[in-house]
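A.B. asks: The numbering of the sequence shown is this note's numbering, which starts it at 144 and goes up by one.
Where hints are given, some of them may not hold.
What the hints assert, rightly or not - Restraint-style ranges between C-beta atoms, simulated for each label pair:
1. Leu-542 to Val-335: 42 to 48 Å
2. Val-457 to Arg-521: 17 to 23 Å
3. Val-335 to Arg-521: 25 to 31 Å
4. Arg-368 to Ala-319: 50 to 56 Å
5. His-402 to Trp-342: 40 to 46 Å
6. Leu-400 to Ala-454: 39 to 45 Å
7. Pro-212 to Leu-462: 40 to 46 Å
8. Ser-162 to Arg-196: 40 to 46 Å
Calculated directly from the structure, the hints in this document are not laboratory data. Values in this document were obtained by computation on a predicted structure and should not be read as measured data. The C-beta atom is built at its ideal place from N, Cα and C for all residues, glycine as well.
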Amino acid sequence: MTAVATEFATAAPARRRLSPWLAVAIAVFCIGWGGNQFTPLLIAYAEHSGYTRVDVDILLGAYVLGLIPGLLIASTLSDRHGRRGVMAAGVISSALGSLVLAVGDYTGFGALFVGRLFSGVAVGIAMAVGSAWIAELSRPPFDAAPAGAGARRASICLSLGFGAGPLCAGLLTVYAPLPLVLTYLVHAALCVPVGWAVWTRTVETREPTSRPFLDGLKVPAAGHRRFLRVVVPMAPWIFGSAAIAYAVVPSLVADRLGHWALLYTVGLTVLTLACGVLIQPVARRLDDVSSSRAVVVSMALMALGIFAAVATAVTRSVLLAPLVAMLLGSAYGIAIVSGLLEIQRISPPDELAGISGVYYSLAYLGFLLPAALAALARWFSYPVMLTAVGLLAVACTALCASGWAKHLEPRTHAVPTGLVRH
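Hey, can you work out the whole structure from these sequences and the hints?
C.D. replies: Structure, rendered in structure tokens:
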């Protein structure tokens with residue numbers, strides 16, 4: 144029996160009262176909350192703080208600059224030193240991000256940027272380390288969950304956090320005192336018990352190793368032809384589609400909503416992510432170890448949703464925008480799960496956190512899309528730009544489909560979906 148399995152088997156009954164993966168999932172939820180609570184407030188910052196459209200879109204994507212290093216470095220650190228300490232650091236970074244954002248409206252753009260960087264580092268840790276940890280805790284001897292449960296649990300908890308943050312932020316900003324401040328303080332307070340739970344109520348799954356740090360940054364699975372052919376063309380669209388749904392589309396119809404614009408943005412954000420959560424059982428059924436079926440379906444839905452966004456940009460219809468949110472939210476939900484299942488099948492256990500970091504780094508590149516479109520809006524209209532984005536999505540769909548049943552190694556068929564051979 145390994146040391147981590149022995150720790151679990153001999154853990155105190157009080158510590159084992161809850162499923163081992165649950166405390167980690169709550170931490171992932173909390174960090175997702177902090178990472179996305181800023182999103183519906185873009186309109187508030189533009190209207191009340193004097194920031195331009197480009198400014199707020201830069202702040203929206205700023206945490207990608209913290210997120211990608213967080214993804215790649217944190218995964219290596221957790222492989223070397225264990226999951227618990229790195230995940231606890233993620234919760235602390237999330238709390239710090241909220242505290243800096245809480246004072247950012249008074250201290251200026253630079254503070255808001257730094258706060259978003261802290262939030263990005265935290266989300267990177269949640270995605271790479273949290274996803275790998277939940278996957279490990281969803282297998283024997285820690286859990287007897289069905290195949291693929293780890294990927295679904297990680298993506299659902301993250302998506303629920305991404306939805307709860309904007310919902311709370313929007314309601315507090317509109318109806319509570321201290322707008323653009325209180326919502327961040329609420330989240331920072333939530334991080335305190337969550338951080339305690341990570342440190343005291345989790346089961347470590349990684350034994351410390353003396354593997355050189357630079358060697359840990361190498362992820363051979365990222366060069367797997369299946370990853371390059373199927374996952375890479377799809378990954379940036381995961382959060383690219385979500386960003387279009389709740390960052391780009393609301394701005395296209397905001398001038399028709401008056402003082403309801405912020406709550407409308409909250410509604411679209413929650414609708415997008417709710418669809419992403421509710422569609423995930425379907426995503427699991429679509430997943431096929433012998434093809435890229437689920438990935439291709441998600442990409443087709445993305446292209447359809449983006450062209451619906453084109454229609455919204457042309458008509459500026461507040462009734463059409465929810466359809467865009469549902470299409471792109473469903474695409475997001477299928478894509479994030481199918482991508483996780485693909486990488487779990489091609490990755491050996493020692494590279495699971497690392498390949499998760501690479502996967503989510505690629506996924507979050509899509510979050511820079513609103514800032515890029517806002518910068519290009521000086522020369523091109525949104526209908527033209529979104530049409531170009533839609534055509535690019537169609538091309539990526541075809542590329543994913545071209546790898547339908549290629550580069551599948553024998554062990555892919557031998558290992559149950561969502562599990563990795565030990």
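A.B. asks: Quick one: which hint numbers does this structure break? Sort them smallest to largest.
C.D. replies: Going through the list in order, the structure violates hints 3, 6 and respects the others.
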